[in-house]
Amino acid sequence: MSDMDMEDDGSGIVKKFMFLNRKAPHGTVYALEGLEVVLITAAFDQDVSLVFTDDGVYQLMKGIDTKGVEVKDFSKTYRALEGYDIEKLYVDRSSMDARGLTEDDLIVDVTVLSDDEMKNLMAEQDVVISF
Amino acid sequence: MQFGILINEGPYNHQASDSAYLFARTAIEKGHKIPRVFFYHDGVNNSTRMAEPPQDDRNVTARWSKLAEDHGIDLVVCVAAALRRGIKDELLAPGFRISGLGQLVEMGIQYDRLVTFGD
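Going down the list, the sequences are from chains H and B. When you read off a place in the first sequence, starting at 1, and then add 59, the result is the number in my numbering. When you read off a place in the second sequence, starting at 1, and then add 257, the result is the number in my numbering.
Hints listed in this document are in silico derivations from the structure and should not be mistaken for laboratory results. Positions of the beta carbon are idealized from the N, C-alpha and C atoms, including for glycine. This list has only true hints and no planted wrong ones.
With a Cα cut of at most 30 Å, we get these calculated DSSO-like pairs of lysine-lysine: (1) H:Lys147 x H:Lys74; (2) H:Lys82 x H:Lys131; (3) H:Lys178 x H:Lys147; (4) H:Lys74 x B:Lys290; (5) H:Lys82 x B:Lys345; (6) H:Lys147 x H:Lys131; (7) H:Lys74 x B:Lys287; (8) H:Lys82 x H:Lys121; (9) H:Lys121 x H:Lys75; (10) B:Lys290 x H:Lys75; (11) H:Lys178 x H:Lys121; (12) H:Lys75 x B:Lys287; (13) H:Lys74 x H:Lys135; (14) H:Lys147 x H:Lys75; (15) B:Lys345 x H:Lys131.
Derived CB-CB ranges, DEER-like: (16) B:Asp275 x H:Ser70: 25 to 35 Å; (17) H:Thr125 x B:Asp376: 13 to 23 Å; (18) B:Arg341 x H:Ile123: 16 to 26 Å; (19) H:Asp132 x B:Glu326: 37 to 47 Å; (20) H:Thr87 x B:Leu340: 11 to 21 Å; (21) H:Thr125 x B:Gln367: 35 to 45 Å; (22) H:Gly142 x B:Glu286: 40 to 50 Å; (23) B:Gln367 x H:Thr87: 24 to 34 Å; (24) B:Ile285 x H:Lys121: 42 to 52 Å; (25) B:His328 x H:Ser173: 36 to 46 Å.
Short derived list, chain H residues pointing at chain B, Cβ under 7 Å: (26) Ile72; (27) Lys74; (28) Glu92; (29) Thr100; (30) Phe103; (31) Val186; (32) Ser189.
The whole structure should be built from the sequences, with the hints applied where relevant.
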């Protein structure tokens, strides 16, 4: 995390940043590298929300074991987000339902939102970055 | 209006960089400002001057360099993503520089819009 020492931009502006995690944790690098941006944004003292939707809900699944595919298991980072003051985690109910997942299958506490609630939350944001 | 651009895909394999270029060029023609473009994920592969596409194809990297020179655009390549993929200072095309993710967050804070190109 060599970027972490950069801190804020000195402007004192706080914007609402939403990170939309749409992809499975492994198979592509988006989830891993996306998480880096989330942590840096928190270091800039911005108002950060994380949304897990589509295959992105798999990022929070319990019991991920990456040994067989020989890639880094970064799922523990989601449990450490609180330490970065990132506490707004949202999951899309229809994405969980479509994959047979419930909140009990997830490694962190999340707020489950309906499609309408998700739409409203998105509309409130200043910046939406999708990974 | 000030637009920040985020490019998350490499050249040729994906249209993201082409679409971003066309968006940037058009926005500038319409009187908007593009102060910075940030290259992340495989998007860092847009920055290498080692690319030599066939003569009858567009040169994605060269046209970013040209647009940056003509309009003072800051082309920033993420250091962590670049190192992972073998992109280093000595390989960069004109107008590109390597820096941290803070440069991306700054675009979100300071500009009117941040537009993402990629999957």
